[in-house]
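Engineer: What follows is each chain in one-letter form.
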Amino acid sequence: RKEVEQDPGPFNVPEGATVAFNCTYSNSASQSFFWYRQDCRKEPKLLMSVYSSGNEDGRFTAQLNRASQYISLLIRDSKLSDSATYLCVVNPHYGQNFVFGPGTRLSVLP
Amino acid sequence: DVKVTQSSRYLVKRTGEKVFLECVQDMDHENMFWYRQDPGLGLRLIYFSYDVKMKEKGDIPEGYSVSREKKERFSLILESASTNQTSMYLCASSFTAGGNVEQFFGPGTRLTVL
Chain A
1 RKEVEQDPGP FNVPEGATVA FNCTYSNSAS QSFFWYRQDC RKEPKLLMSV
51 YSSGNEDGRF TAQLNRASQY ISLLIRDSKL SDSATYLCVV NPHYGQNFVF
101 GPGTRLSVLP
Chain G
1001 DVKVTQSSRY LVKRTGEKVF LECVQDMDHE NMFWYRQDPG LGLRLIYFSY
1051 DVKMKEKGDI PEGYSVSREK KERFSLILES ASTNQTSMYL CASSFTAGGN
1101 VEQFFGPGTR LTVL
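Each protein sequence line maps, in turn, to chains A and G.
Quick note on the numbering used here: the first sequence kicks off at 1 and runs consecutively.
Quick note on the numbering used here: the second sequence kicks off at 1001 and runs consecutively.
Pulled out of the complex, with its shape left as it was, chain G reads as follows (with noise of 0.2 Å):
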C-alpha cells in the first residue's frame, strides 16, 4: 500500500513565524504535492515538484516556498505564517505515467496561525 505521511496531524503558530511541513511518501513516486484546503474552496494547488530539486508553482504560491532535496521528501515552507494561512494543508504524491494517474494523500495537517 502507498503510504503518505505528514509530520503532523494539527499545528498551531504565531504570526511571523517559520513554519516547516514535511511529507514523506513510500513509493518512488515521481511526483509531489502540496494544496491547501478551505470551505467553499476546495484544494487550491500551492505548488509541486516532479522531480529532486525541481519545483513548479501552482495556483497560489504566494507566501510559500517548497524544498524537494530527496525523491521521497517535499517540505512546504512558510517563511513568515500569516493568520490568512490558517488551513488544512495536504501533501500528495504519483507517478508520472500516461493516462490515469492516481494521487495519493497524505493525512493532513491542520495549521492555525494566531
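Isolated chain A (complex conformation) (with noise of 0.2 Å):
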C-alpha cells in the first residue's frame, strides 16, 4: 500500500461548482499535514496547512480525521483559476522529509 494516496482523477467541473478531493495515509503517527497545488509545468506551492480541527480559508476547507487516516479540501464556487493538480502531503516527523500523494488533477471549466 502507498503511504498517501488519492484519486487521480481528472475531475472536469463547471464553474460556480463544489469539489471535493480525498486522499489516506497509510502511516498512523504522522504529525502534520497539508494541501499543495501544482499548476501545470510549475512548482508545488502551499495551499493550506490541515489541523486537526479542520480549518477554512475562503472558499477552500481542509478536514483531517485521525481515526480514519484520511484528509479531505473542500474547493467551493470553483474558479477557472483553481485548474491545477492537489498534492496532499503528510509529514511523518516534524519538519524533514515530506510524503506527497500523486496528486489530482482539476479542471474547471467556462
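It should be emphasised that the hints constitute simulated quantities derived from the structure, not laboratory data.
Being a predicted model, the structure only gives us computed values, none of them experimental.
Worth double-checking, as some hints may not be accurate.
As the list claims (entries may be wrong) - The calculated EDC-like cross-link candidates involving lysine to aspartate or glutamate, where the alpha carbons are at most 20 Å apart (straight line), are:
#1 42/A with 1038/G
#2 45/A with 1079/G
#3 2/A with 1079/G
#4 42/A with 1079/G
#5 1057/G with 56/A
#6 42/A with 1022/G
#7 2/A with 1038/G
#8 42/A with 1028/G
#9 1003/G with 43/A
#10 45/A with 1026/G
#11 1003/G with 39/A
#12 45/A with 1102/G
#13 1053/G with 1079/G
What the hints assert, rightly or not - Calculated from the model, a selection of chain G residues having no Cβ within reach of chain A, i.e. all distances over 10 Å:
#14 1008
#15 1011
#16 1012
#17 1019
#18 1044
#19 1060
#20 1063
#21 1068
#22 1070
#23 1071
#24 1077
#25 1080
#26 1103
#27 1112
Glycine included, each C-beta is placed from N, C-alpha and C at the ideal position.
Relying on the hints, combine the two individually framed chains into one complex.
Structural biologist: The structure is reproduced here in C-alpha cells:
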C-alpha cells in the first residue's frame, strides 16, 4: 500500500461547482498534513495546512480524520484559476521529510 | 519572500555523463530536499539534508549522490546518467520546527538523458 493515496482524477467541473478531494495515509503516527497546489509545468506551492479541528481559508476547507487516516479538501464556488493538480502531503516527522501523494488533477470549465 | 533557485530549467545530457544539479536557498533553512517527479508517480524523495555536511537517503537514492558544503546550497549528482533518470528534478527547503512547517520549492530542472 502506498503511504499517501489520492484519486488521480481528472475532475472536470463547471465554474461555480463545489468539488471535494480525498486523501488517505498509511502511517498512523504522522504528525502534520498539508495540501499543495501545482500548476502545469510549475513547482508545488503550499495551499493550506490541515489542522485536527479542520480549517477554512476563503473558498477552501480542509478536514482531517485521524481515526480513519483521511484528509479532505473542499473547494466551493470553483473558479477557472483553480485548475491545477492538488497534492496531499503528510509529514511523519516534524520539519523533515514529507511524503507526497500522486496528486489529483482539477479542470474547471467555463 | 523565500527564494529557492535551481541552476538550470532544462538540461540535456548523454548516457554515462556526470551531471550536477545545483540548488540555492536564501532563507537560512536547515533542511533541504531533492525530489524527482514523474507522471503517475508524483514526487519521490531522493535525498535530504538537515544540516551542513549531513545527508539522509530518501526513497530512491540509487544512482544519485548529494553534497551540502554550505547551508544555502544543496547539490544533486548523477555519477553516470542513465535514460531512466530522465525526469523533473525539484529542490525544496524548510525550517526545522515543531508544528506545520512549509516546504518551499525551486522552479525545477527538466533533465533529459539521451
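Engineer: Non-interface claim for residue 1019/G: all C-beta distances to chain A beyond 10 Å?
Structural biologist: Nearest chain A Cβ is 20 Å from residue 1019/G, so the label holds.
Engineer: Report holds if the minimum CB distance from residue 1070/G to chain A is greater than 10 Å, and violated otherwise.
Structural biologist: 20 Å, holds
Engineer: Please check whether the beta-carbon of residue 1063/G is more than 10 Å away from every beta-carbon in chain A.
Structural biologist: 19 Å, holds
Engineer: Please verify that the nearest CB of chain A lies beyond 10 Å from residue 1060/G's CB.
Structural biologist: For residue 1060/G, whose nearest Cβ neighbour in chain A is about 12 Å away, the distance exceeds 10 Å, so it holds.
Engineer: Does the alpha-carbon distance linking residue 1057/G and residue 56/A stay inside the 20 Å limit?
Structural biologist: 35 Å, violated
Engineer: Would the least Cβ to Cβ distance between residue 1103/G and chain A come out above 10 Å?
Structural biologist: 6 Å, violated
Engineer: Beyond 10 Å from every chain A Cβ: check whether that's true for residue 1008/G.
Structural biologist: 14 Å, holds
Engineer: Decide, holds or violated, for the assertion that all CB atoms of chain A are farther than 10 Å from the CB of residue 1071/G.
Structural biologist: 15 Å, holds
Engineer: Beyond 10 Å on every Cβ pair: is that true for residue 1012/G relative to chain A?
Structural biologist: With a cut-off of 10 Å, residue 1012/G remains clear of chain A, as the shortest Cβ separation is near 17 Å.
Engineer: For the pair we were handed, residue 1003/G and residue 39/A, check the Cα-Cα distance against 20 Å.
Structural biologist: Since the Cα atoms of residue 1003/G and residue 39/A sit roughly 18 Å apart, the hinted pair holds (cutoff 20 Å).
Engineer: For residue 1112/G, is the shortest beta carbon distance to chain A beyond 10 Å?
Structural biologist: The assertion about residue 1112/G holds, with a minimum of 15 Å to chain A.
Engineer: Please confirm whether residue 1044/G is truly not at the interface, meaning its C-beta sits more than 10 Å away from all C-beta atoms of chain A.
Structural biologist: Given that some Cβ of chain A is not farther than 10 Å from that of residue 1044/G, nearest at about 8 Å, it is violated.
Violation of the numbered hints given earlier is confined to hints 2, 3, 4, 5, 8, 18 and 26; the remaining hints are satisfied by the structure.
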